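Kindly produce the complete structure, drawing on both the sequences and the hints.
Chains A and B supply the protein sequences, listed in that same order.
Using this note's numbering, read the first sequence as starting at 3 and increasing by one per residue.
Using this note's numbering, read the second sequence as starting at 3 and increasing by one per residue.
These are computed hints drawn from the structure, not numbers from a lab.
Since we're looking at a predicted model, the values are computed, not measured.
Keep in mind that a hint or two might mislead.
[Unchecked claim] When the alpha-carbon atoms are kept at most 20 Å apart in a straight line, the in silico PhoX-like pairs for lysine-lysine are as follows:
id	chain 1	residue 1	chain 2	residue 2
1	A	68	B	311
2	B	196	B	340
3	A	64	B	16
4	B	314	B	363
5	B	298	B	314
6	A	64	A	74
7	A	94	A	104
8	A	64	B	314
9	B	45	B	16
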Amino acid sequence: MRHVISILMENEAGALSRVAGLFSARGYNIESLTVAPTEDASLSRMTIVTRGSEEIIEQITKQLNKLIDVVKLVDLSADEHIEREMALIKVKAVGEAREEYKRLADIFNGRIIDVTEASYTIELTDSGDRIIEFIAAIHADEIIEIVRSGVSGIARGEKSLHP
Amino acid sequence: MELTGAEILVRSLKEEGVTHLFGYPGGAVLHIYDALYQQEDVKHILVRHEQAATHAADGYARSTGNAGVALVTSGPGATNAVTGIATAYMDSIPMVVITGQVFSNMIGNDAFQEVDSIGITRPCVKHNFLVKDVADLAETIKKAFYIATTGRPGPVVIDLPKDVTANKAEFNYPDKVSIRSYNPVVSGHIGQIKRAVTMMLSARRPIFYTGGGVVLGRGAAELTELAQQLNYPVTNTLMGLGAYPATDQQFLGMLGMHGTYEANMTMHHCDVLIAIGARFDDRVTGNIEKFCPHAKIIHVDIDPSSISKNVKVDVPIVGSVPNVLREMIALIKGGNSKPDEIALGEWWKQINEWRGTECLKYDEQSGKVKPQQVMESLYRETNGDAFVTSDVGQHQMWAAQYYKFDKPYRWINSGGLGTMGFGLPAAMGAQFAHPDATVACVTGEGSIQMCIQELSTCLQYGLPIKIIALNNRYLGMVRQWQEFFYDGRYAMSYMEALPDFVKLAESYGHVGMRIDNPADVDGAMEEAMKLKNRLVFMDFVTDQEENVYPMIPAGAGLNEMILV
Chain A
3 MRHVISILME NEAGALSRVA GLFSARGYNI ESLTVAPTED ASLSRMTIVT
53 RGSEEIIEQI TKQLNKLIDV VKLVDLSADE HIEREMALIK VKAVGEAREE
103 YKRLADIFNG RIIDVTEASY TIELTDSGDR IIEFIAAIHA DEIIEIVRSG
153 VSGIARGEKS LHP
Chain B
3 MELTGAEILV RSLKEEGVTH LFGYPGGAVL HIYDALYQQE DVKHILVRHE
53 QAATHAADGY ARSTGNAGVA LVTSGPGATN AVTGIATAYM DSIPMVVITG
103 QVFSNMIGND AFQEVDSIGI TRPCVKHNFL VKDVADLAET IKKAFYIATT
153 GRPGPVVIDL PKDVTANKAE FNYPDKVSIR SYNPVVSGHI GQIKRAVTMM
203 LSARRPIFYT GGGVVLGRGA AELTELAQQL NYPVTNTLMG LGAYPATDQQ
253 FLGMLGMHGT YEANMTMHHC DVLIAIGARF DDRVTGNIEK FCPHAKIIHV
303 DIDPSSISKN VKVDVPIVGS VPNVLREMIA LIKGGNSKPD EIALGEWWKQ
353 INEWRGTECL KYDEQSGKVK PQQVMESLYR ETNGDAFVTS DVGQHQMWAA
403 QYYKFDKPYR WINSGGLGTM GFGLPAAMGA QFAHPDATVA CVTGEGSIQM
453 CIQELSTCLQ YGLPIKIIAL NNRYLGMVRQ WQEFFYDGRY AMSYMEALPD
503 FVKLAESYGH VGMRIDNPAD VDGAMEEAMK LKNRLVFMDF VTDQEENVYP
553 MIPAGAGLNE MILV
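Given below as structure tokens:
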């Protein structure tokens, strides 16, 4: 099962490697990991997407909680939540394709943020699934490169992770 | 008044009540050594290798329950200490290790004796700190001791760049510390404790399976009271020996791979398993698919991640062992329910039948010195009251099987990591903590050579440790597995070119004895114990091919032991 774990942790050097090291040392899988400071400069917020049985996810959350730098964490996928990911997609854009990519970007609420004679760079912010759908709509030969941010997640409603 | 970082460190250690610091100097820690030189509150013990510094601090901790402290230099000092840190981590031993580091402005430049100590130790510490500003030093030390000694204990590393030890700051040692992200649980959930008590009282075939957490959590007295209140059988893990008096009738011996037949059979057939401060290690459970097939499981542990890690439990209780057990004792006293006496009588009858197997008996007529005989002799000659450290291998199992520990903190061994070389330096730590007690290091001719240089430390400080070397000229446990599972192909398990241990001991200024006749074992042991002020190296030339029995082979269940 896919799980999205959101972590509030001390914004200190080495905190990220403690989390990443835990996953590699214990053989847990990381599908994506994002981290950035929060409105409180002493805290960072991390979103990890991982896969595993219920037992493994239980161990992952317990082991993460054991890290001294981890202030609080929640398995977002246990409840209603929102996930967003940003992708930058650079495609070959010549001739008729230019108009086609413009239309496609509009359909997906994407924006073309860089244009050259032969290429577009499209920015898309959506759920991971929608990003995958968008990428699938482009012929593989036309893709120059793709950069994805990994998932950020937040609980729906008024709940927050703050202590 | 402003103090240097080095002075702040030493003053802080004094504030923490540290009396012994095990270490080895080097460039990055010279300021600290200079500060140590100018005071007398914290005694520095000079070891001969940094691995021994950490094991000695560890032995000090295991024999007292208080944090042990080690000090090593940067680079190789730190990497040599890693084995000792990992050893403490696996067994949850409270320890603070101070590693020197190169000047802050040189970190990352591949400076002389630079290594990323924080990175290297990260997976084997409870936490580690790099101190960048001398103003943070005192608080960091306070935090380190707090983290090391509370919750599930463990080693904490403080990495100290050389400039931080020279820079000055006001010294104010904090009275207490709070860490917003670290709040270890103390009391167990009362609802869960009630459920557990109901389950315990409804048991027909109960057993207490208790581990190192009972010793570390200082819950041995509570365990004894609870088990005796109920008259339920008790088995200890390797790490838990001493948590329940081994000479008591209710004690079944150690369980697991080399546990007793009665302990393992009682485990296998129980209907309620009460696990306390134990972690269902693979050496205990055997084949997890076959583990305790009929049992409802109660698990008390201070670390939530230990619960349902290997085995799914029915009643988890997160809390400190003595607190939870006191609640249980009170509930049982105050309640109307009593254990089912008839069922319990049947259960004890069955257990005593298993006991009748006498799984620890051995051939006493072989004409050879049997390792088991040496352990029994050690037990008798020390009145069962010694601090016994061990290395790793067959001798470790024999010590665990034949020395009956009635008190906690007496049995000191590397259970989790299985570190050869642990025994002698750990014995040094225990002897410093208990200068008047008998400290015996049970070892083999393989293990002892991994930290043999510490014989020199023992001479310098006059440590009267009794080294009991079971010398079978083989890496015995390796040989045993090769005999059983590799058709007797003894690859690299034979110890050729052994030194003359008697002469070796003498060259270090100690007493050496060689015993190769079973008739001489008791006499030699008695003589050695009388040498109160001398280290005695007893080289027992034992039966070369003796194996540790009983044994659960890999993949088997607890009810599938090889007896002899």
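These are the hints, each one checked on the structure:
1. 68/A with 311/B: holds (14 Å)
2. 196/B with 340/B: Answer holds: residue 196/B to residue 340/B is near 14 Å, not above 20 Å.
3. 64/A with 16/B: violated (35 Å)
4. 314/B with 363/B: With a Cα-Cα distance of about 35 Å, the restraint between residue 314/B and residue 363/B is violated, given a limit of 20 Å.
5. 298/B with 314/B: Holds, at about 10 Å.
6. 64/A with 74/A: Since the Cα atoms of residue 64/A and residue 74/A sit roughly 11 Å apart, the hinted pair holds (cutoff 20 Å).
7. 94/A with 104/A: holds (12 Å)
8. 64/A with 314/B: holds (15 Å)
9. 45/B with 16/B: holds (10 Å)
When each numbered hint is compared with the structure, violations occur for hints 3, 4.
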